[in-house]
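Asks: Per the numbering used here, residue -4 is the first one in the sequence shown, and the count goes up by one each step.
Mixed in with the good hints, there may be bad ones.
Computed cross-link-like contacts, DMTMM-like style, restricted to lysine to aspartate or glutamate with a CA-CA straight-line distance of at most 20 Å [as the list claims (entries may be wrong)]: (1) Lys71 <-> Asp43; (2) Lys14 <-> Asp43; (3) Lys71 <-> Asp(-3); (4) Lys71 <-> Asp26; (5) Lys14 <-> Glu64; (6) Lys71 <-> Glu33; (7) Lys71 <-> Glu31; (8) Lys14 <-> Glu76.
Think of the hints as simulated: they come from the structure by calculation, not from any bench.
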Amino acid sequence: MDRLDETVRSILTLSASYKPGTIIRAEQVVDAYLGEHEGYRARRAAMDALLRELALPERRARNRGGLFELIELHLKRRHFEIARLFQ
-4 MDRLDETVRS ILTLSASYKP GTIIRAEQVV DAYLGEHEGY RARRAAMDAL
46 LRELALPERR ARNRGGLFEL IELHLKRRHF EIARLFQ
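Using the sequences and the accompanying hints, generate a full structural model.
Replies: As structure tokens, then:
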């Protein structure tokens, strides 16, 4: 199993047990995943792959509490940060 699959599985697990503070843990999972990729292009590709996975209908059906939308906002913030970092 690759890192993307592990990350998606962790997010789905968090979504299933959604409670206050879940977004913080989900952001940590996403940041750990992104941290394994070096450079702007690699991180951007990792973000795109994660967004594609979370957009799949079978994944969306398991989205609770708007967790995926919060992750998408987190990824947008991270994209802005890495774009500035790698200029």
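Asks: All hints are to be evaluated individually against the structure, with a verdict given for each.
Replies: Cross-check of the supplied hints:
1. Lys71 <-> Asp43: Measuring from Cα to Cα gives roughly 11 Å; hence the hint holds.
2. Lys14 <-> Asp43: violated, 26 Å
3. Lys71 <-> Asp(-3): Distance of about 23 Å is beyond 20 Å: violated.
4. Lys71 <-> Asp26: holds, 12 Å
5. Lys14 <-> Glu64: Judged against 20 Å, a Cα distance of about 15 Å means the pair holds.
6. Lys71 <-> Glu33: holds, 18 Å
7. Lys71 <-> Glu31: Satisfied, since the Cα-Cα distance of roughly 18 Å is no more than 20 Å.
8. Lys14 <-> Glu76: Violated, at about 28 Å.
In summary, the structure is inconsistent with hints 2, 3, 8 from the numbered list given earlier, while agreeing with the others.
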